[in-house]
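Trainee: Residues per chain, in single letters:
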Amino acid sequence: MASRRRMLLKVIILGDSGVGKTSLMNQYVNRKFSNQYKATIGADFLTKEVQFEDRLFTLQIWDTAGQERFQSLGVAFYRGADCCVLVYDVNVAKSFENLNNWREEFLIQASPSDPENFPFVVLGNKVDVDGGNSRVVSEKKAKAWCASKGNIPYFETSAKEGFNVEAAFQCIAKNALKNEPEEEMYLPDTIDVADGGGRQQRSTGCEC
Amino acid sequence: MMSDGGIEDEEKWLAEGIAGLQHNAFYMHRALDSNNLRDALKYSAQMLSELRTSRLSPHKYYELYMRAFDELRKLEMFFKEETKRGCSVIDLYELVQHAGNILPRLYLLCTVGSVYIRSKEAPAKDVLKDLVEMCRGIQHPVRGLFLRSYLSQVSRDKLPDIGSEYEGDADTVMDAVEFVLQNFTEMNKLWVRMQHQGPVREKEKREKERSELRDLVGKNLHVLSQIEGVDLDLYRDTVLPRVLEQVVNCKDEIAQYYLMDCIIQVFPDEYHLQTLETLLGACPQLQPIVDIKTVLSQLMDRLSNYAASSAEVLPEFLQVEAFAKLSNAIGKVIEAQVDMPAFGSIGLYVSLLTFTLRVHPDRLDYVDQVLGACVKKLSGKAKLEDSKGTKQIVALLSAPLEKYNDIGIALKLSNYPRVMDHLDSATNKVMAVVIIQSIMKNNTCISTADKVEALFELIKGLIKDLDGAPADELDEEDFKEEQNSVARLIHMLHNDDPEEMLKIICIVRKHILSGGPKRLAFTVPPLIFSALKLVRRLQGQDGDLDGEEMSATPKKIFQLLHQTIEALLSVPAPELALRLYLQCAEAANDCDIEPVAYEFFTQAFILYEEEVADSKAQVTAIHLIIGTLQRMNVFGVENRDTLTHKATGYSAKLLKKPDQCRAVYACSHLFWVDDQDGIKDGERVLLCLKRALRIANAAQQMANVTRGSNGPVTLFVEILNKYLYFFEKGNAQVTTAAIQGLVELITTEMQSDAKTQDPSADAFFSSTLRYIQFQKQKGGAMGEKYEPIKV
Chain W
222 MASRRRMLLK
232 VIILGDSGVG
242 KTSLMNQYVN
252 RKFSNQYKAT
262 IGADFLTKEV
272 QFEDRLFTLQ
282 IWDTAGQERF
292 QSLGVAFYRG
302 ADCCVLVYDV
312 NVAKSFENLN
322 NWREEFLIQA
332 SPSDPENFPF
342 VVLGNKVDVD
352 GGNSRVVSEK
362 KAKAWCASKG
372 NIPYFETSAK
382 EGFNVEAAFQ
392 CIAKNALKNE
402 PEEEMYLPDT
412 IDVADGGGRQ
422 QRSTGCEC
Chain Z
-7 MMSDGGIEDE
3 EKWLAEGIAG
13 LQHNAFYMHR
23 ALDSNNLRDA
33 LKYSAQMLSE
43 LRTSRLSPHK
53 YYELYMRAFD
63 ELRKLEMFFK
73 EETKRGCSVI
83 DLYELVQHAG
93 NILPRLYLLC
103 TVGSVYIRSK
113 EAPAKDVLKD
123 LVEMCRGIQH
133 PVRGLFLRSY
143 LSQVSRDKLP
153 DIGSEYEGDA
163 DTVMDAVEFV
173 LQNFTEMNKL
183 WVRMQHQGPV
193 REKEKREKER
203 SELRDLVGKN
213 LHVLSQIEGV
223 DLDLYRDTVL
233 PRVLEQVVNC
243 KDEIAQYYLM
253 DCIIQVFPDE
263 YHLQTLETLL
273 GACPQLQPIV
283 DIKTVLSQLM
293 DRLSNYAASS
303 AEVLPEFLQV
313 EAFAKLSNAI
323 GKVIEAQVDM
333 PAFGSIGLYV
343 SLLTFTLRVH
353 PDRLDYVDQV
363 LGACVKKLSG
373 KAKLEDSKGT
383 KQIVALLSAP
393 LEKYNDIGIA
403 LKLSNYPRVM
413 DHLDSATNKV
423 MAVVIIQSIM
433 KNNTCISTAD
443 KVEALFELIK
453 GLIKDLDGAP
463 ADELDEEDFK
473 EEQNSVARLI
483 HMLHNDDPEE
493 MLKIICIVRK
503 HILSGGPKRL
513 AFTVPPLIFS
523 ALKLVRRLQG
533 QDGDLDGEEM
543 SATPKKIFQL
553 LHQTIEALLS
563 VPAPELALRL
573 YLQCAEAAND
583 CDIEPVAYEF
593 FTQAFILYEE
603 EVADSKAQVT
613 AIHLIIGTLQ
623 RMNVFGVENR
633 DTLTHKATGY
643 SAKLLKKPDQ
653 CRAVYACSHL
663 FWVDDQDGIK
673 DGERVLLCLK
683 RALRIANAAQ
693 QMANVTRGSN
703 GPVTLFVEIL
713 NKYLYFFEKG
723 NAQVTTAAIQ
733 GLVELITTEM
743 QSDAKTQDPS
753 ADAFFSSTLR
763 YIQFQKQKGG
773 AMGEKYEPIK
783 V
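Chains W and Z are the protein sequences, given in the same order. Following the numbering used here, the numbering of the first sequence begins with 222 at its first residue and continues without gaps. Following the numbering used here, the numbering of the second sequence begins with -7 at its first residue and continues without gaps.
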């Protein structure tokens, strides 16, 4: 059972609207890129098989809506995440400033058992834009922030050119794997074992 | 529907659901670990039965759903392994349909279906079609929406999209689109139907629940937008018409508003631009209470950002005539929605204007057209009172200023002032300040009389009290701030041509004189200085040449200045007026027009005599008078005598002795101008200094009587310095003996009066002595001159 559990690694990508979360996922999973901006609604995931230390894992990558109004059902899907990827656009200062909010929001909502050591990875995306001339957040500044938050690994990426995307997700997978699974140990009480079908009488509503 | 019950109950139900789910998941895991398919199916079906609950709100249901979802991933992996071990996926697909309840059965079916498609043992489209049809079995809205959302998620990466491994002869992107559209349509129906189920009194709660569920429906549009095969043609011919058909026909305002927003956000800009007509055409067909203005604003904001992103895309906008189409659509919407509040319609115009400024910055006629449409909408109504609406108008009027950074452009827009007329006086002022700030920030010079006229018409809210404006309860600080900004503005009006500049000055004068006494103190000085600047430019010309009526001559300007300063008397602001008269007198002096200079002095003296009563103000005024008069060289002997006589007279009549003393010794300079042909009347200089000494003595004695001690000797040291000045300048009346006497006098005074030590006077005296010493040692002519003085 434990081995089956550990074959699936759940990764959540967070960040402001328009920083390239969907593009990073598409580039990594499908090796495709589109310049067009398309908002994401709700949460959506793609999976990818990854080989790691001679074992095969399924990476379940959750792409999320950056715009709050497209997150109407809340963030129950954060549960059980093994790694959280924080993305910002190196050309938009605000998206970098908001990383802290995204990180804290994640820690509150996902409430991992050991928030201090929960694996995050930060990606500074769109380094290709305008040959880097329109960049406003320096690598140094981003790295300093990452260091201050417990040495979060940092990658500069370009979803458009596929730059560093593979390396970033390798690191994401590695860190997700390091995260201790925190499945609540479920021990059925004996009465229920004896009467497995009894619970269903609780259900109300129609017969469907 | 969720039955009545508090949040606590709901928490309890959720906890029970989770417990039941975990219980069955535990046995399912055991079955998976022992490769027991039968048990795995049994327990997973029991686990999924927890999702049959009707008692949870969508939020809580989602929590339960996510747990089931995670468990199903393990089951899916198990199914995959099973098929590898030789179990037929088709058999599995049949087998799971034995589950007793339909909801668990369909979840299991979708899970196996995902493995089935992956196995490619049947065309993807057939499996997808089967699944999307089977899901009709759940007609309960919340359960149905989550089940279909599950289907959407597990099929997400198995759609026969272009370039996908599931694309084939039998499977085309059309099948993918059909599948998603069908699922979308069914989900929307479920979602809309919720509105009509349950008692009326729970409407609010129902709408809240619907709002929570909306993303499940909207996500289908996101999936469509992610299908690579949905190119512009497919979007224009199939996707958009089908989606809009569903949106329009569902006749549900919540769905219509949300889905329009989704369409705009999930599909790319190019697609919107190329299908504007279709998209805009749907707007008037929506329910009347749908907030179309927000929808359209979002569309225009998106397109504006797109236009701003790259100059290369601009031709696209022109090609599809985006402006005309948007403008037309907005007109129709405003016409159709009679009850739309003012801020709503103005908000639409703000978005359209933003769009216009980004896409067609060169088309001022478009900009004016938008403003004109706004005027039309506002006309016939009273001035706007609601704050949201006025905020929007300020945004509307600020946009062109921010774009062009040139007030000249705004002044060309005929509808600009007409929009401003619809503002209440407070907002009108805010807007006027915004205009002035724009001018200051961009250092814009306003250079023609016509523009100045138009500008002052725009900012008239600051220039005068508008009719019907409420009695001023204005904050004093705000008022000062506003008037100071008008003052700054006056300095930005300039033309190198004196004629035009004079016209500008006349226009400004006309406007500011209508401002009432409270404003004049702020606005007259900058106007005076602006006019004096013009005078300085004309200085070289002959002041008497007064040929044509309109020509700008110093004389004419001085007349204007005279009349303008006079206006300050009504304020009253005599001290300010006095200063300005003196400034004018000096300018007249430099223009060599004696009668005018004399007249300005006369006015200044009259003010001094009649209006300046405060003794401190008198001291300031008299020193200004002396200082100005000293520099005058235009006066003949007689006029000069009259004026200096007056000035010394005033000086001797100041209230406090020390003030008298200082004014009188300052008058000594009126008789000694250190120019080549300046007046040099040594005798009268000495008279002044002696008189100052007498007053200083008197002051000393008075101090003795009233305070029992001698006053400080500072006055004497000051007079000593005047002696030294004139001594050096070669006034023969000032002798070494007199200086020697004064030095000794001060020394004695200081020694005799040890108790009233004044360190600053001591320091002043000793540095004066050091100076004498220094001059003595310097040698040369000056050293010789100082030689006899002993210190």
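No wet-lab data here; the hints were simulated from the structure. Just so you know, even glycine gets a beta-carbon here, dropped at the ideal spot from N, CA and C. Among the clues, some could well be false.
A short, non-exhaustive set of chain Z residues, derived as facing chain W with CB atoms under 7 Å [to be verified]:
(1) Tyr54
(2) Gly210
(3) Lys211
(4) His214
(5) Gln257
(6) Thr728
Trainee: Each hint should be assessed against the structure and marked as holding or not.
Mentor: Here is how each hint holds up against the structure:
Here the hint on Tyr54 (chain Z) is kept, as its CB sits about 5 Å from the closest CB of chain W, short of 7 Å. About 4 Å separates the beta-carbon of Gly210 (chain Z) from the nearest beta-carbon of chain W, less than 7 Å, and the hint is met. The interface hint given for Lys211 (chain Z) is met, as the beta carbon of that residue sits about 5 Å from the closest beta carbon of chain W, less than 7 Å. Taking 7 Å as the C-beta contact cut-off toward chain W, the hint placing His214 (chain Z) at the interface holds, the least distance being around 4 Å.
At its closest, the beta carbon of Gln257 (chain Z) sits 4 Å from a beta carbon of chain W; the interface hint therefore holds under the 7 Å criterion. Interface hint at Thr728 (chain Z): violated, since its Cβ lies 75 Å from the closest Cβ of chain W, which is beyond the 7 Å cut-off.
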